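Asks: As a plain string of letters, each chain reads:
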Amino acid sequence: MKTRLSHLQFNVNAANLRFYHDLFAFLGWQILDQFAGSVIVGPGDHFSIWFYSPAEDVKNHYNGPGLNHLAIGTESVADVDATVAFLRERGITGLFETPRHNPEWMTEENDYYQIIFTSPDNILFEVVYEGPLNT
Amino acid sequence: MKTAGIHLQINVDAANFGFYRDLFTFLGWQILNDDEYVLGVGSGEDGAISVWFAKTTNTAANDYDGPGMNHLAVHAQSQADVDQTVDYLRQHGVECLFETPRHRPDFSSEGSTYYQVMFASPDNLLFEVVYMGPKQD
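Residue numbers (the numbering used here), protein chains in the order written: chain W, 2 to 136; chain F, 288 to 424.
Derived from the structure by calculation, the hints contain no laboratory data.
Any given hint could turn out to be false.
[Said to hold, decoys possible] Below, a list of computed lysine to aspartate or glutamate pairs in the EDC-like style, where the Cα atoms sit at most 20 Å apart:
hint : chain 1 : residue 1 : chain 2 : residue 2
1    : F       : K342      : F       : E397
2    : W       : K60       : F       : D393
3    : W       : K60       : F       : D321
4    : W       : K60       : W       : D122
5    : W       : K3        : W       : D46
6    : F       : K289      : W       : D122
7    : F       : K342      : F       : D374
8    : F       : K289      : W       : E131
9    : F       : K422      : F       : E397
10   : W       : K3        : F       : E386
11   : F       : K342      : F       : E323
12   : F       : K289      : W       : D46
13   : W       : K3        : F       : D350
14   : F       : K289      : W       : E76
15   : F       : K342      : W       : E105
16   : F       : K289      : W       : D82
17   : F       : K342      : F       : D370
18   : W       : K3        : F       : D374
19   : F       : K342      : F       : D410
20   : F       : K342      : F       : D309
21   : W       : K60       : F       : D410
22   : F       : K422      : F       : D370
23   : F       : K422      : F       : E386
24   : F       : K422      : F       : D393
Everything numeric in this text was worked out from a predicted model, so none of it was measured.
Full structure from sequences and hints, please.
Replies: Right under this line is the structure:
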């Protein structure tokens, strides 16, 4: 059998749909569909993320069983820095001492430059450049 | 901006690594890493997407209907692949949820079908295997 990742569904609060719309548009993804309580985005291949509302009124923790984080790769360090600026304009700051070059995941040739943050629904995201140093 | 690759970290009980290893091997994915802390899998078709199952000892009672990831869906190339997945799950004692396997007219367009099975892993994470394309009955 041959399969691939198709899509992810995230449950979010309707009031936050605009955040995901704007974030993924900023990251260069396509807005594939929008209808009442939903935004569907994709990077331009077969994969998509469906943001659906409403979410049940419970408190989930990203360190518990389930998704810890979703990471989006960029083509440059500058793209990560631009994301940092985008987030700061919305009052969102980096977690875990990011943005930073994370030596845990770097090699002699390759960089790992990341920003980690939570969305208004406390969903953990990462935007990361993985590639040759000094880009 | 143009993005380049996606990965997911999913926290699970390490005692369940075998479930995910066997499931994703059955689904035709490659094992990218396999040690006591992390099981990494990738579909191979698009090496830019990978899923990393990481050991957690946190036992928070997360609810997939709450804020966060509701489910992860894997695309199959045929209805038969979905049916084979159903057989695989039954052989492993995994219950199919939400009246699946079934066609979903509400997610289908003209000339196409959306044929899915949904199930929960031992960590109560929701997964879907779905065929989207011309109906093959």
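Asks: State for each hint whether it applies.
Replies: Against the structure, the hints:
1. This hinted pair does not check out: F:K342 and F:E397 have alpha carbons roughly 43 Å apart, beyond 20 Å.
2. In summary, the hint linking W:K60 to F:D393 is not supported, as the alpha carbons are separated by about 30 Å, beyond the 20 Å threshold.
3. Between W:K60 and F:D321 the alpha-carbon distance is near 31 Å, which puts this suggested pair outside the 20 Å criterion.
4. This hinted pair checks out: W:K60 and W:D122 have alpha carbons roughly 10 Å apart, not beyond 20 Å.
5. Under the criterion of a C-alpha separation no larger than 20 Å, the hint pairing W:K3 with W:D46 is consistent with the structure, at around 17 Å.
6. Straight-line distance between C-alpha atoms of F:K289 and W:D122 comes to about 25 Å, which puts the hinted pair past the 20 Å bound.
7. At most 20 Å may separate the alpha-carbon atoms for a hinted pair to count; F:K342 and F:D374 exceed this at roughly 28 Å.
8. Annotation: proposed proximity of F:K289 to W:E131 holds, straight-line Cα distance about 14 Å (limit 20 Å).
9. Note on F:K422 and F:E397: the hinted pairing holds, with a Cα-Cα distance of about 10 Å set against a maximum of 20 Å.
10. About 25 Å separates the Cα atoms of W:K3 and F:E386, which puts this hinted pair outside 20 Å; it is violated.
11. A hinted pair counts as satisfied when its Cα atoms are at most 20 Å apart, and F:K342 with F:E323 qualifies at roughly 8 Å.
12. A C-alpha spacing of about 12 Å is found between F:K289 and W:D46, which places the hinted pair at or below 20 Å, so the restraint holds.
13. Under the criterion of a C-alpha separation no larger than 20 Å, the hint pairing W:K3 with F:D350 is inconsistent with the structure, at around 30 Å.
14. Simply put, F:K289 and W:E76 have alpha-carbon atoms about 7 Å apart, close enough for the 20 Å limit, and the pair holds.
15. Under the criterion of a C-alpha separation no larger than 20 Å, the hint pairing F:K342 with W:E105 is consistent with the structure, at around 18 Å.
16. Between F:K289 and W:D82 the alpha-carbon distance is near 14 Å, which keeps this suggested pair within the 20 Å criterion.
17. Only pairs whose Cα atoms come within 20 Å are accepted, and F:K342 paired with F:D370 is rejected, the gap being roughly 30 Å.
18. The suggested pairing of W:K3 with F:D374 holds, with an alpha-carbon distance near 16 Å, which does not exceed 20 Å.
19. Pair hint F:K342 plus F:D410 holds up; C-alpha atoms about 11 Å apart against a cutoff of 20 Å.
20. With a CA separation close to 17 Å, the supplied pair F:K342 and F:D309 stays within the 20 Å bound.
21. At roughly 17 Å between alpha-carbon atoms, W:K60 and F:D410 fall within 20 Å of each other, so this suggested pair holds.
22. Proposed proximity of F:K422 and F:D370 is supported: the alpha carbons are some 14 Å apart, at most 20 Å.
23. A threshold of 20 Å between alpha carbons decides the hint, and for F:K422 with F:E386 the separation of about 19 Å falls inside it, so the pair holds.
24. A threshold of 20 Å between alpha carbons decides the hint, and for F:K422 with F:D393 the separation of about 14 Å falls inside it, so the pair holds.
Consistency note: the structure conflicts with the earlier hints numbered 1, 2, 3, 6, 7, 10, 13 and 17.
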